[in-house]
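Colleague: Listed below are the residues making up each chain.
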Amino acid sequence: MTIYIIRRLLLAIPTLFGVLVVTFLLLYVAPGDPVQEMVGERADSATIARLRKELRLDESMSSQFTHYAGGILRGDLGTSYITRRPILSDVLERFPKTLLLAGTAMLFASITGILIGVLSAQHPDGWFDRIALGGAYLGISFPVYWVGLLLILLFAVTLHWLPPSGYGGIRHLILPALALGTRSVAFLARITRSAMLDVLNSDFVRTARAKGLSERAVALKHGLRNALIPVITVLGLDFGYYLTGSILTETIFSWPGLGRYVVNAISRRDLPAIQGSVLFLSVIFVLVNLLTDLAYAKADKRVSL
Amino acid sequence: MMSTAALARGLRECCCASLALLTGLSGLAGLSTLSACGGSSTPDRRTLIDSRDNYDPRSLDPALSTDVPTGRAVSYVFDGLTRFTPRAQVVPDLATSWELAADGVTYTFHLKHGVRFHDGTSFSAADVRHSWERVLDPKTRGGRGWPLYPIRGAKEFAAGTVSSITGLSVADDSTIRITLTEPFAIFPKMLAMPATAIVPKRTPPDFGEHPIGTGPWKFVAWHHDDYLLFARNAQYHDGAPLADSLEARIIPELSTAEAEFEAGNVDVLQVPAQESPSWESNEETRPLLQSAPSLRLIYGAINTTRGPLKDARVRQAINLAVDRGMILKRLMGGRGTLAAGVIPPSLDGYSATLAAYPYDTTRARALLKEAGYPDGIDIELWTSQSEQFPRIAQTIQAYLARVGIRVKLVQRDASSMREAARNGKTDIALKDWYADYPDAENFLYPLLHSANRGVGGNVSFFSDARFDSVVSKARREPDDQKRIALYRQADSLAHVEAPMLFMFFYTELYAVQPWLKGFTVPSIFTGERWTEAKIERPAKPAPK
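Residue numbers (our numbering), protein chains in the order written: chain A, 1 to 305; chain B, 306 to 849.
One chain only, chain A, in its complex shape:
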């Protein structure tokens, strides 16, 4: 297994290099000029030319890339053109906040989603199943910013139970985590339900029931454990959705996370900040994919790494 992990991490290097090249090229050809963003609405061409030279933006594409990639190899993500702060510290300041939001949303979604899925599978087409299925359709269909606004209006403005936005304690976390997790609850409930139904109709479950095991033991020990594989896949894939979906959620709830940082960087053409955060997120994705694969092995002994 250690060899497997090392091999996977080594394979990540070309992936990350690819990400580096593609982001660099995309930003190189994209319209908009970072220097014009730095100087604001009124400027003079001498200042612009000077800044361009200092930031090496007047050099050839290959020379710019070599310089940038060299910095990355030394572990230096560079300094923001706009704020003049080091990118790494900016990213590290915001990422834990995004992770907290995404993690809470994911926790909420998996507990609620799996629970609803398991319960629905107990009596397919029963009243609970029908309501849950209807709810799932609604949950998948609502865009996150709409759910977010509704939550703010109901719980913050009308009922005054929770703060409308901002970053702080648990009270500030509840609404954005609900908004971000809603779509996933619906998705996970449906996946869990169908996986559970597959498993519950299989031979070994019939055997377990014939042995005289209680329905609860059958559902949890034999059913859920075997239904977990597709659920883990969905969770792993969904992690990307949590990080990107958090851009909208962070905006609606004024949550000071990485998503907003990236959006700001893009709108101000802060090239090092965009490249740095994309690279950072790619590393996270690679790690999450690895963790997902390791979780398969944990959940299903037949999977060997």
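Rather than coming from a laboratory, the hints here were simulated on the basis of the structure. Every residue, glycine too, gets a C-beta built ideally from N, C-alpha and C. Any given hint might turn out to be false.
Distance ranges between label pairs, derived from CB positions [stated by the list, open to error]:
| # | chain 1 | residue 1 | chain 2 | residue 2 | range |
| --- | --- | --- | --- | --- | --- |
| 1 | B | R635 | A | S194 | 45 to 55 Å |
| 2 | A | V29 | B | S691 | 46 to 56 Å |
| 3 | B | S691 | A | H160 | 28 to 38 Å |
| 4 | A | I72 | B | V467 | 29 to 39 Å |
| 5 | A | L237 | B | K822 | 52 to 62 Å |
| 6 | A | V29 | B | E404 | 26 to 36 Å |
| 7 | B | K634 | A | F17 | 48 to 58 Å |
| 8 | B | K444 | A | M1 | 51 to 61 Å |
| 9 | A | S214 | B | E589 | 56 to 66 Å |
| 10 | B | M631 | A | A46 | 35 to 45 Å |
| 11 | B | S469 | A | H160 | 57 to 67 Å |
| 12 | B | T413 | A | S62 | 51 to 61 Å |
| 13 | B | L659 | A | H160 | 48 to 58 Å |
Let chain A serve as the given structure and place chain B on it in line with the hints.
Modeller: Below, chain B alone, put in the same frame as chain A:
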């Protein structure tokens, strides 16, 4: 996502209605739905809270002050030699007075005695020189040196060719002498801009994160993308703020800011134009509204160097063909006044007798025909995605089609559009201009003088010898009345030459909580420094 705000208001009414119904049905008559749905009661906090910043400031370093949130924060912590009032007047700040020598270029500024920075060090004339050298120093990479360029030697210092600014000399601790390259009567106004604010001698590398100034508010904390916190500077030289602290929240989404305002968590809200009718028609919110004419022009820069647009008649036809009054009323909630030229009504030089182009399609068609385009022309109209611009652009497109001008809309993000306009690649670029300092020169010179073509702000690439000479003369003219007359003359020339589709001057609309006293809606973005503002609690009812 601005339109979601309208949705939000609708939903909120639904929520309130259904909540009222629920409480009614369940017989919980004691639960007041009014307090939940109407405004909130006076909050039990001593901190003033602002909701206007919609993105994180660049830095809190005056030298990097190129955007609105940065400039606003800088104006709280720092002082300039002069400052703006909420009504965009320029008054002395760190300077007590100044005089201009007979040569018309040498200013002597007398500085306040006994002013201290927040760290306790005293302020003196040497700090002024140091601050300005820092702004201009190429190593600062600020990009905001131009307000100081009128000083002799400043441009050369910024280019790195000389080691000191020749036009700047410290006479004694409280006197600084400034020599300009040529007479420039409005120069003291530029010293109220955030970029020219005074910083102490010692500025460590993280100064932008931990600023120290002489201003009314001391910096306390900056949680990026979340909020900035300032505390009252009890030693402030011009009367300490009335409130204990000031928090500037950073709220990117307008609907969220509205929700925070309705929940009573913020004290002021900048209501965008398209939302103003719903705020004005609602009886609960109407009394909270305050407005002020802002120094902001919304216009379409017509590139005067491209194809048929070189002909003034074509540009006049464009102005005649668009019913600006209707656009102002329908898309901007009527918040503004139609522009005849570039000088806003609240500034000297505005001429009430200069009438805006009427909506006259017959004359527009005739002018096009006269210019040799009886079959109309094809042009590209560029717009950014912010606020109402895309909708205004679509409406302009429809109006121009009526006189045979076929418009292709190009919608880009603000950065791409700015680059294209500055490189002369747009036929018409729909945009706006906020004044940096309250003077007609701040509109005439950057927007239309040929020296500023491209990056300087003149994206009409307008170059007219007569206009240039009038504006240059006005800049040098020391006599106020004569200068104002020249401004008027320049504005009339601009009106006739029509290097832009003149749209309107915007009127700012704020919602202000009933408990906030002493706050004035500013006409210029750094005009209100919250020094007179306080939260006023209603007097406790007398015990029975």
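Colleague: Taking 48 to 58 Å as the hint, is the beta-carbon distance of L659(B) and H160(A) inside that range?
Modeller: The hinted range 48 to 58 Å holds for L659(B) and H160(A), with Cβ atoms some 52 Å apart.
Colleague: At the C-beta level, are T413(B) and S62(A) separated by a distance inside 51 to 61 Å?
Modeller: 55 Å, holds
Colleague: Per the hint of 29 to 39 Å, is the separation of the Cβ atoms of I72(A) and V467(B) within bounds?
Modeller: For I72(A) and V467(B) the Cβ distance comes to about 38 Å; the hint holds.
Colleague: The hint says 26 to 36 Å between V29(A) and E404(B); measuring C-beta to C-beta, is that right?
Modeller: Taking Cβ atoms as reference, V29(A) and E404(B) lie about 55 Å apart, which means the hint is violated.
Colleague: Note whether the CB distance of R635(B) and S194(A) lies within 45 to 55 Å or breaks it.
Modeller: 51 Å, holds
Colleague: Is the gap between the beta carbons of L237(A) and K822(B) within 52 to 62 Å?
Modeller: With Cβ atoms ~54 Å apart, the hint holds.
Colleague: Do the Cβ positions of S691(B) and H160(A) conform to the proposed distance bound of 28 to 38 Å?
Modeller: Holds, at about 32 Å.
Colleague: With 57 to 67 Å as the target window, see if S469(B) and H160(A) comply at their CB atoms.
Modeller: Because 60 Å falls inside the window, the suggested range holds.
Colleague: For the range 56 to 66 Å, tell me whether the beta carbons of S214(A) and E589(B) fit it or not.
Modeller: Since the Cβ atoms of S214(A) and E589(B) sit about 59 Å apart, the hinted range of 56 to 66 Å holds.
Colleague: Given the hint of 35 to 45 Å, is the C-beta distance from M631(B) to A46(A) inside that range or not?
Modeller: 43 Å, holds
Colleague: Between V29(A) and S691(B), does the beta-carbon spacing fit 46 to 56 Å?
Modeller: Given range 46 to 56 Å: violated, Cβ gap about 24 Å.
Colleague: Just tell me: holds or violated, for the beta carbon distance of K444(B) and M1(A) against 51 to 61 Å?
Modeller: Given range 51 to 61 Å: holds, Cβ gap about 52 Å.
Going down the numbered hints, you'll see the structure goes against 2 and 6, while the others check out.
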